[in-house]
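J.: Residue numbers (the working numbering), protein chains in the order written: chain A, 1 to 111; chain B, 1 to 111.
Errors might be hidden in some of the hints.
[Claimed, not checked] Some chain A residues judged to face chain B by a derived CB distance under 8 Å, without partners named:
{"no.": "1", "residue": "40"}
{"no.": "2", "residue": "96"}
{"no.": "3", "residue": "111"}
[Unchecked claim] Result set (BS3-like, lysine-lysine): computed pairs, CA atoms no more than 25 Å apart in a straight line:
{"no.": "4", "chain 1": "A", "residue 1": "71", "chain 2": "A", "residue 2": "110"}
{"no.": "5", "chain 1": "A", "residue 1": "54", "chain 2": "A", "residue 2": "71"}
{"no.": "6", "chain 1": "A", "residue 1": "5", "chain 2": "B", "residue 2": "18"}
{"no.": "7", "chain 1": "A", "residue 1": "56", "chain 2": "A", "residue 2": "68"}
{"no.": "8", "chain 1": "A", "residue 1": "37", "chain 2": "A", "residue 2": "68"}
{"no.": "9", "chain 1": "A", "residue 1": "37", "chain 2": "B", "residue 2": "18"}
Hints were generated in silico from the structure; no laboratory data involved.
Computed from a predicted structure; not experimentally measured.
Built from N, CA and C at the ideal position, the CB exists for glycine as well.
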Amino acid sequence: DQQVKQNSPSLSVQEGRISILNCDYTNSMFDYFLWYKKYPAEGPTFLISISSIKDKNEDGRFTVFLNKSAKHLSLHIVPSQPGDSAVYFCAASVEGDDMRFGAGTRLTVKP
Amino acid sequence: EADIYQTPRYLVIGTGKKITLECSQTMGHDKMYWYQQDPGMELHLIHYSYGVNSTEKGDLSSESTVSRIRTEHFPLTLESARPSHTSQYLCASSPVLGELFFGEGSRLTVL
């Protein structure tokens, strides 16, 4: 039972343009959502999070949007840079426990 | 900066061997986790611990075992490795409420 879904396995964008990564979830009890970035042969690193009391959180070039009614989460990267090329995982949890991950989206930013 | 370490990073062993994957963190986190991840797939929780002498199985059935004798140390053991155990194993820790900090992973290949 996959409670967090990332339906796009890959995304390719041009440097300087916006990257939009999407994530859907099924468990309405999730109240804390995170994005992780993973380079090959490394562990995931935390990127940005949002709690269910907010609908937007911004950190530099990264913005996460939460639409609770649609059970949808998205990560915007503006402007995209070649160094952003990595696999991005969406994760969700209930009060920080039982964190569930999506299958990841491989982002490629072309120079 | 996260201080969580996994050894070995890469391991190739024969079927039937016993192996232990080590994980240590210096952040004093009570919560620790083991995830298993195959390429293009979500991270699956196989074991977690909320503190010393606490261990629980995660969603994904696993023939591995874990122990938590010290806060900083959470090793994972496979008594008899099989080719189906070939995967990447990711250790993580977290404060009571917050994001997970991951180690760099241990990639296991069982021949």
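J.: All hints are to be evaluated individually against the structure, with a verdict given for each.
T.: Cross-check of the supplied hints:
no.	hint	in the structure
1	40	violated, 10 Å
2	96	holds, 4 Å
3	111	violated, 25 Å
4	A:71 <-> A:110	violated, 31 Å
5	A:54 <-> A:71	holds, 13 Å
6	A:5 <-> B:18	violated, 35 Å
7	A:56 <-> A:68	holds, 11 Å
8	A:37 <-> A:68	holds, 23 Å
9	A:37 <-> B:18	violated, 32 Å
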